[in-house]
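Peer 1: Those protein sequence lines, which keep their order, are chains A and B. Under my numbering, the first sequence has 50 at position 63, and the numbering climbs by one with no breaks. Under my numbering, the second sequence has 52 at position 46, and the numbering climbs by one with no breaks.
No lab work stands behind these hints: they were computed from the structure. Certain hints may be false.
Which chain B residues face chain A? A few, computed with CB under 8 Å, are given here [claimed, not checked]: (1) 23; (2) 33; (3) 35; (4) 37; (5) 43; (6) 47; (7) 53; (8) 55; (9) 57; (10) 60; (11) 62.
Quick reminder that beta carbons are idealized off the backbone N, C-alpha and C, glycines included.
This is what each chain is made of:
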Amino acid sequence: MFETFAALGEPNRFRIVEFLRAGPRPVNEIGDRLQLNQPQVSKHLRVLKEVGLVDVQPRAQQRLYELRAQPLRELHDWLERYRQLWDERFDELDELIEELKEKEKEKEKEKSDGRKKKK
Amino acid sequence: MDAKRKNDTATKNQTTVERKSDRELLITRMFNGPARIVFDAWTKAELVARWWAPKSRGVSVVSCNADVRVGGRWRYVLRHSGTEEIAFSGEYLEVKPHTRLAYTSIFEAFPDSPSTVAVTFEERDGKTLLVAHETYSSKEALDAAIATGMEGGMRETMDQLDELVASLL
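Please construct the entire structure, taking both the sequences and the accompanying hints into account.
Peer 2: This is the structure we're talking about:
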């Protein structure tokens, strides 16, 4: 999770990931399009590959870099899953709160009934 | 009573989770009850046991202990799918009944990355707005932040990521 974040935190890496949405591309084309030199692109691609955001496919004389969407989806889904966890807990808590409110009311009633009886 | 419950469900209060920074999350929820009741439900061990386990994920509460005073400790143990036990524990840093609570929280499987949680209970017209502010200090979180120096850029990254993922789905 955090590795994916760290990898995407670098603006040029984010641009590479966005560019690869269009489909697999070779290093030189990525460099040309994003105006980065080849060592820079290679370095960024290595980081992206390490965190599983891109994959390499050899094709003829070329090595094509391809986007893997899964880590991105996981990152995106994580907050929503966490929200759902709390939402489920809070639904239970709602019921408990209703129950505690009822109990409080009953106690109040008993108290006032008790007072009436004493009179 | 049944009709009332149905009505409550129809106007269910929204839970929001917001990323404040790379290590901070804000969980916000309104409850239809006074702060003293919400606070009790959040802190009294026997009450926590009633709501803390996400049942739909096959998780149940094994035990809850809470010594709710500054320096006191809490420990909740859950069981996953009938076998695996998962424990969370920590220490109370601040206890202001019905208004504010702060504690450390450790997922015992990863004891080196404790987080701190500050919870505020704000009562208005018999309802209570609960805000839980979680600050993480896990090694991974710190490493990632230090490695990229991206503290300021996190929100932007999340927004861009949302768009990116939307285009992939």
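Peer 1: Now tell me if each hint is right for this structure.
Peer 2: Hints versus structure:
{"no.": "1", "hint": "23", "in the structure": "4 Å, holds"}
{"no.": "2", "hint": "33", "in the structure": "5 Å, holds"}
{"no.": "3", "hint": "35", "in the structure": "5 Å, holds"}
{"no.": "4", "hint": "37", "in the structure": "6 Å, holds"}
{"no.": "5", "hint": "43", "in the structure": "5 Å, holds"}
{"no.": "6", "hint": "47", "in the structure": "5 Å, holds"}
{"no.": "7", "hint": "53", "in the structure": "6 Å, holds"}
{"no.": "8", "hint": "55", "in the structure": "10 Å, violated"}
{"no.": "9", "hint": "57", "in the structure": "4 Å, holds"}
{"no.": "10", "hint": "60", "in the structure": "5 Å, holds"}
{"no.": "11", "hint": "62", "in the structure": "6 Å, holds"}
Going down the numbered hints, you'll see the structure goes against just number 8.
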